[in-house]
Amino acid sequence: MLSIADTSFSSRLFVGTGKFASSSIMRQAVEASGSEMVTVALRRVDLENPADDIMTALDLTKIHFLPNTSGARNAEEAIRLAHLARAASGTSWLKLEVTPDPRTLLPDPVDTLKATEELVREGFTVLPYINADPILALRLQDAGAAAVMPLASPIGTNQGIRTTMQVEIIIAQARVPVVLDAGIGAPSHAAQAMEMGADAVLVNTALAVAGDPVRMARAFKAAVEAGREAFEAGLGRQSKTASASSPLSGMLTADLNFIQA
Amino acid sequence: MQIILNGQQKNLDHNITLSTLLDSLNLQPDTMVAEINGRIIKPGSYPQLELKDGDKVELIRFVGGG
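Residue numbers (the numbering used here), protein chains in the order written: chain Y, 6 to 266; chain E, 42 to 107.
Read the hints as simulated data drawn from the structure, not as lab findings. For each residue, glycine too, the CB sits at the ideal point set by N, CA and C. Just so you know, not all the hints are guaranteed correct.
Cβ-to-Cβ under 7 Å is the rule here; a few derived chain E residues that face chain Y [unchecked claim]: (1) Gly95; (2) Val98; (3) Leu100; (4) Gly106.
Derived list of chain Y stretches under chain E, where covered just means 3 residues or more per stretch with a C-beta under 8 Å from a C-beta of chain E [said to hold, decoys possible]: (5) 17-29; (6) 40-49; (7) 53-59; (8) 91-98; (9) 117-131; (10) 207-217.
The shape of chain E in the complex, shown without the other chains:
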């Protein structure tokens, strides 16, 4: 299946959870926020949240700014 991850198309296996995706990207969930199809996802639900074909996933974190 295919998702849009931070604006880029990405092919994934079926039944992958958000936690598994973050692990595969070497991302620590505690300093970022995930938004799927415009909805903010609570960190506690990452392990249960299965991604679906066509999902728009945004992974966002703080960077330097004024």
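Only chain Y is shown next, with the shape it has when bound in the complex:
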């Protein structure tokens, strides 16, 4: 079972709650996904629409709540958002995101490390979103991060795992859970991540923009379970030459004996 900072999760699928057409579809998709960890963002209250409240749309007795620091462009802004998130929710869990460039949304490694060090000192459970950099993952782990969240490809691109080699190294080295985040666009990508040995995946856009987000959530649930099962079962080795699956002896026709040659 997945365990992060002494909390156990029976689902290895984390779900983001952004971009859904309505909070009712979001709630149904989260439920169908079986996820026990959902991310949320902090924004100014829409004073024209004060009743629009995501907290009432989620069953927080079943679901862990992971506020993110999206919108933060540096460590200082991320730390401010972390304090606000803790005040608003009572949870000290945090998905740390520091993205200085809104065009690429790629995370700033230096300020992510700086903010992680500070927030760990303040007692936060920090899950930093990072580029797939194995050295940075180790530095964050040493700084007290509860997990690392390397990107598969840039946020919202649905491009799947474009960082395979680096993610493999991160998984091989990490002592904390590795949650593959961002860019996972199809259930096959999620299954691939789990087969590689990722501890969990986080999916948002792929669900929110799907034709039927609730069915897509079910598909991701199945894919994550299949991929994890395959990883635990132990995948067979790849080979460059063919190797018959059927017996090569007792052939019915002499003509086929060339196979044994």
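With chain Y's structure known, arrange chain E on it following the hints.
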């Protein structure tokens, strides 16, 4: 008097408390957080907290996000 509420200027009567402001905006205090001039305000002190001219008030809550 005038405050800056979520980045917008807003005219208010004098001696209005944060609780009264939230009531007038139909906001439930339990699912949001208030920051005044960069300081987070504890919910328990909303009824006593009188807003002052020029205060920068941020009312923040969770929204969908990844």
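Do the hints match the structure? See the list:
{"no.": "1", "hint": "Gly95", "verdict": "violated, 19 Å"}
{"no.": "2", "hint": "Val98", "verdict": "violated, 10 Å"}
{"no.": "3", "hint": "Leu100", "verdict": "holds, 4 Å"}
{"no.": "4", "hint": "Gly106", "verdict": "holds, 3 Å"}
{"no.": "5", "hint": "17-29", "verdict": "holds (count 6)"}
{"no.": "6", "hint": "40-49", "verdict": "holds (count 6)"}
{"no.": "7", "hint": "53-59", "verdict": "holds (count 4)"}
{"no.": "8", "hint": "91-98", "verdict": "holds (count 3)"}
{"no.": "9", "hint": "117-131", "verdict": "violated (count 0)"}
{"no.": "10", "hint": "207-217", "verdict": "holds (count 3)"}
In this structure, the earlier hints numbered 1, 2, 9 are contradicted, and the remaining ones agree with it.
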